[in-house]
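A.B. asks: Dock chain S against the given chain V, drawing on the hints supplied.
Going down the list, the protein sequences come from chains V and S.
Numbering-wise, the first sequence is residues 1 to 799 according to this note's numbering.
Numbering-wise, the second sequence is residues 1 to 228 according to this note's numbering.
These are computed hints drawn from the structure, not numbers from a lab.
Nothing here was measured: the structure is a model prediction, and the numbers come from that model.
We treat Cβ as the ideally placed atom computed from N, Cα and C, and that holds for glycine.
Warning: the hint list may mix true and false statements.
Claimed, not checked - For each label pair, taking beta carbons as the anchor points, the in silico distance ranges come out as:
no., chain 1, residue 1, chain 2, residue 2, range
1, V, Val397, S, Glu18, 52 to 60 angstroms
2, S, Glu50, V, Glu797, 45 to 53 angstroms
3, S, Thr47, V, Arg572, 16 to 24 angstroms
4, V, Glu575, S, Lys89, 53 to 61 angstroms
5, V, Gly331, S, Glu18, 49 to 57 angstroms
6, S, Lys89, V, Ser122, 41 to 49 angstroms
7, V, Glu253, S, Thr47, 44 to 52 angstroms
8, V, Lys180, S, Arg174, 25 to 33 angstroms
9, V, Glu139, S, Arg174, 44 to 52 angstroms
10, V, Arg572, S, Glu78, 25 to 33 angstroms
11, V, Glu253, S, Glu50, 20 to 28 angstroms
12, S, Arg174, V, Glu179, 23 to 31 angstroms
13, S, Arg71, V, Glu165, 30 to 38 angstroms
As the list claims (entries may be wrong) - Computed cross-link-like contacts, DSSO-like style, restricted to lysine-lysine with a CA-CA straight-line distance of at most 30 angstroms:
no., chain 1, residue 1, chain 2, residue 2
14, V, Lys240, V, Lys180
15, S, Lys89, V, Lys240
16, V, Lys640, V, Lys340
17, V, Lys182, S, Lys140
Stated by the list, open to error - To give a feel for the contact side, a few chain V residues facing chain S, derived at Cβ under 10 angstroms:
no., residue
18, Gly25
19, Pro28
20, Gly109
21, Gly112
22, Ser151
23, Ile176
24, Val387
25, Thr633
26, Lys636
27, Glu639
28, Val643
29, Gln647
30, Lys685
31, Asp687
32, Ile691
Residues per chain are reported as follows:
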Amino acid sequence: MILERLGKELIYFDGGTGTLLQEKGMRPGELPEIWNLTHTEEMVDIHRQYFEAGSDIVLTNTFGANALKFHSTEYELEDIVAAAVVNVKEGAWLGVHDGREVYAGLDVGPTGKLLKPMGDLSFEEAYEAFREVVQYGEEAGADLIHIETMSDTYEVKAAVLAAKENTKLPVFATMIFDEKGKLLTGGDVASVVALLEGLRVDALGINCGLGPEQMIPILKEIMKYTSVPVIVKPNAGLPKQRGGEVYYDVLPEEFGEIMRKIVELGASLAGGCCGTSPDYIRALVRKTKELKNLDKRCMPPKEHTIVSSYGKAVFLGEEPRIIGERINPTGKKKFKEALKNHDIDYILREGISQQDAGAHILDVNVGLPDIDEPKLMQEVVTELQSVSSLPLQIDTVDVKALEAAMRVYNGKPMVNSVNGKQESMDAVFPLIQRYGGVVVGLTLDEAGIPDTAEGRAEIAGRIIKEAEKYGIQKKDIVIDVLAMTISSDPKGAGTTLDALRLVRERYGVCTVLGVSNISFGLPYRPAVNSNFYTMAMQAGLSAGIINPMSEDMMRSYYSFCALMDYDANCERYIEKYGNQAAAFVSGKQAEITLKSAIEKGLKEEARYAAYELVKIQAPLEIINEQMIPALDTVGKGFEKGTVFLPQLLMSADAAKLAFAVLKDELAKYGDTQQKKEKIVLATVKGDIHDIGKNIVKVLLENYSFDVIDLGKDVDPETIVEKVIEEDVKLAGLSALMTTTVVSMEETIKLLRKKRPDCKVMVGGAVLNQEYADMIGADFYGKDAMQSVYYAQKLLKEEM
Amino acid sequence: MDVWPVRGYEGQMTAMDERTKEAVRYLGYGRHAVDDKTRALVQEVFTELEQAAGPRIIYRIFELQTFGEERVEIGGLEIRSRSLSRNMKGCERAVMLGATLGVEADLLMKRYSVTQMSRSVVMQACAAAFLEEYLDNWQKGLAESQRQEGYYLRPRFSPGYGDFDIVHQGEILRMLDSAKKIGLTMTDSSMLTPTKSVTAVIGLSKEAVPCHKKGCETCDKTDCRYRR
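With the rest of the complex left out, here is chain S:
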């Protein structure tokens, strides 16, 4: 008997949970049906990650000011970015956050790159999806508590999205004291370490603004093979 009774596109999309769909997308399947073997591997790797990885998050809420079309100030940090300004329009405060799956995920990926490359690649995708899922769940809680204070959340916006320069990553990490608090650091070239990590800002406004869901759709690179 087939363990994964998935045949064709329709059945698959209903049977797959959100993170599986995301992982499969990261693996470059686009809108194609995923094969059973890969799908089984994806499930296995998620289980492995759940046991090994210790996701951690640190966040702080800062006052926010926008100046014109391309300047935002969050807790004294000045950021020049049109896309961020657009995203933060009408916000009074912003949540700054850093999150990481920890070194364990990196160690596992490194280990499988020596013994089983297919698993390493699948883990890369699953780890990214796992971290997103973790953040989504955390954000639900945050949205609820902010609602009680009268604030609505904007989508998460990370350095590297649009013209939000990746070098701001360092300042965000410092403001959060993330190295000490969750072990999230950065290389000299502004890459987050451990690699499965995220920094982001979330605008808080008094008004609910209907907006697109996440970063992917806001990106200008419409021919991306990993696009949602």
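This is chain V alone, in the form it adopts within the complex:
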């Protein structure tokens, strides 16, 4: 069994196959996987050569064998995969002369497509493609699954999950890094290690992209964080082009020499990638088999507590971290409203503004009675990770919502929370085991919250012990000792601080705390909160769940970091507060009317003017007398060609901020808002360029339309369903290229059939009036303002 040998000895992989296939006569453009069936002898011979050279694991010729990449009318994927496994076994039979145990590794490469939201491949589609191939591989008798050459954390997650959930085989995963130690999609080494370890791969590492020398710094970085055996499979140096031919610049001897260093640094599995051949593997074996301590490859466990997003890792335990608490409906009228109205943009803005304010992790709670929480949680997590690079803390008591979110999360999330109740641990720990994550353990159980520090520490101990049963390490548990309001329990703060210290000392785990509970029921809460926050950090709080928009809290945070030497040369503190005096002066806004501020596109001035104005004038009057006229002026200028798109949108952005101020005021009077006309907007199926649609959306919203934005790459059916469900009279569609105008036409046809009374306006780069007429649209908007005018004419004048 390969698993028994992992980490206890050095295991050799094979090398590249591309060059060997070409030597055997494969033409460029041919699908290499087909050779498993058409050129069996040649394939077996290549595998044999590697076994003879000393490889213990030889990979099947199935790198591109997935339904998304492999398109053949002649051959079935299942037959290809089955033959590929047999070919490796044949090669072993012919090539292993010393009786050693060897393995056929099912090679799984990327789909060649970019996943949503940046591309058009959904996570579940990617999962399905991988599921198919790994199942074929296991049936055919592969000994392990080797997922390699991945450059996207999201795609590798889909592949690993597919392998773990559908087979019993060991799973290895390696990724391509560039010389800066980054994935093509931006992820760093620590975030990749956190993700893959969370998903419980049996070995992880790096392949392709670089030569052996360039991989050394990345290997060192990997070794810092990982506790599982590491695979290194470099190319034969860097690619060079001579004439029309690509070649690599490191020869076998040199390759073997550098690989020896790599093994000494701790790699447990070594082989080659592009440009390497059996000669390279022979050199690698020769240079490393005499090395001492090869039997002590066991990886010392690392204790870093890491959460990650697609792009970065956040470490807990040293410098205190900020978990932004604002994405949560509790006690927030506007947020509840946004959830009910499915106003995802509002939630996203809450996330982005916290990131801008200095948060390191975002807590996400969308729980409301009568809401489909699993669906909404999954959607919000998906959308948030497309606009923010911060790791997320999934905060819910609904286990279904938790799983839905963890599955689509691109990284290793934080999970809020589990507690000492058996029922809670039975439900949450299996999910951590399956998807990976750092879980918050609340120190309460069936008997409630203990009122002593010792009592809370005991529960923490029980949580940690129970987690062990699931193989969840201590580093992946952070304890919340709970802050109780001092207005009802005068000793509450003291108990919490004692418990913080106790838990840190006794178990060495990281801690979190919802800080602001402490002041519940008291006046002027920020004063108490910010002071308690400092005390908690002093007592060992790893991450406070706080409001980063609160200046009091941030002042405590930056001061604490400066005081405790977490802020080298007080740089961040100075950056933040160095211009404080100046900022107060400029805080006095220049006298400017709201109308003029919007016309000039001055955001802060518009907000301030609206704020001042609303004290003396009714919101609806302000809209009609100042805002609409300003927007009209700018719109007309745009039509005439004296105002340009960026200016038009700066005005729109300014108006949006002013509206937000007025909306708060309107809300005070209850439901006095005028009924808004609904418009559905979508970028059609197959099209991922949605900027035009987004421009139209912003302008329509300024003119008080209720825009239902379905996003990009939207199926005709989804658009029609929404139009019917919301009883919408106008749909706006955008498409960029001729290739996607087809889906626009399809959408219009379906709308006509199912909802003939809904008008359709269209826009986009390739469209013109003629084209729009041809596909049956009611209106062609040559620019964004035209769409507004059309909507006004159609919907407002009718009333």
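C.D. replies: Quick look at chain S alone, frame taken from chain V:
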């Protein structure tokens, strides 16, 4: 004091660098003077892109053959296109390239479309100009090295120009192995992902042929508001 002392057309054109001019053109200003606020935003966004985006390029040189007026074969890939044939006339080889700003630019644009649409639109324009600038700089180096081998470069020509069909994008990406090498992929409808990406071919000939500068001027759509 005005940070951007730009007043009127003359001063502006001398003060603006090439990529700023291009970005402003993409924003639809045509030959109008750009306002100070937009111009400041353009500069800010370029700085942001420089920090966030990681432009990458992959290219390979292939043998090229032309057959008649409308058929070209590059490294075994057959392309039927009059405009490409015209562009490649007299060439023996061609450089095939793919370049991308990466997912970071897309993420930023998406982010600003939620918080500040004006910035998202300006970023869209700046990202396009930034990528062009990156390619221009790279191409200068290529021209030099090719000169030493006795070849001259033709202008970059991309699928979608003239009658060079956009569906060839997929074949070009495959020939370059671009998904693996630089993370450049394509949707089912032949759109490049990440969106701020380019594929192109550059003809190599032994003779220097004086030719128009870039793709924009070769386009038949003379009433385009974004025309150079």
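A.B. asks: Now, for every hint given, state plainly whether the structure supports it.
C.D. replies: Right, here's what the structure says about each hint:
no. : hint                                    : result
1   : V:Val397 x S:Glu18: 52 to 60 angstroms  : holds (57 angstroms)
2   : S:Glu50 x V:Glu797: 45 to 53 angstroms  : holds (48 angstroms)
3   : S:Thr47 x V:Arg572: 16 to 24 angstroms  : holds (20 angstroms)
4   : V:Glu575 x S:Lys89: 53 to 61 angstroms  : holds (58 angstroms)
5   : V:Gly331 x S:Glu18: 49 to 57 angstroms  : holds (53 angstroms)
6   : S:Lys89 x V:Ser122: 41 to 49 angstroms  : holds (44 angstroms)
7   : V:Glu253 x S:Thr47: 44 to 52 angstroms  : holds (47 angstroms)
8   : V:Lys180 x S:Arg174: 25 to 33 angstroms : holds (27 angstroms)
9   : V:Glu139 x S:Arg174: 44 to 52 angstroms : violated (29 angstroms)
10  : V:Arg572 x S:Glu78: 25 to 33 angstroms  : violated (59 angstroms)
11  : V:Glu253 x S:Glu50: 20 to 28 angstroms  : violated (42 angstroms)
12  : S:Arg174 x V:Glu179: 23 to 31 angstroms : holds (25 angstroms)
13  : S:Arg71 x V:Glu165: 30 to 38 angstroms  : violated (50 angstroms)
14  : V:Lys240 x V:Lys180                     : holds (20 angstroms)
15  : S:Lys89 x V:Lys240                      : holds (28 angstroms)
16  : V:Lys640 x V:Lys340                     : violated (40 angstroms)
17  : V:Lys182 x S:Lys140                     : holds (27 angstroms)
18  : Gly25                                   : violated (15 angstroms)
19  : Pro28                                   : holds (6 angstroms)
20  : Gly109                                  : holds (8 angstroms)
21  : Gly112                                  : holds (5 angstroms)
22  : Ser151                                  : holds (6 angstroms)
23  : Ile176                                  : holds (7 angstroms)
24  : Val387                                  : holds (4 angstroms)
25  : Thr633                                  : violated (15 angstroms)
26  : Lys636                                  : violated (16 angstroms)
27  : Glu639                                  : violated (13 angstroms)
28  : Val643                                  : holds (9 angstroms)
29  : Gln647                                  : holds (6 angstroms)
30  : Lys685                                  : holds (8 angstroms)
31  : Asp687                                  : holds (7 angstroms)
32  : Ile691                                  : holds (5 angstroms)
The structure does not agree with the numbered hints 9, 10, 11, 13, 16, 18, 25, 26, 27 stated previously, though it agrees with the rest.
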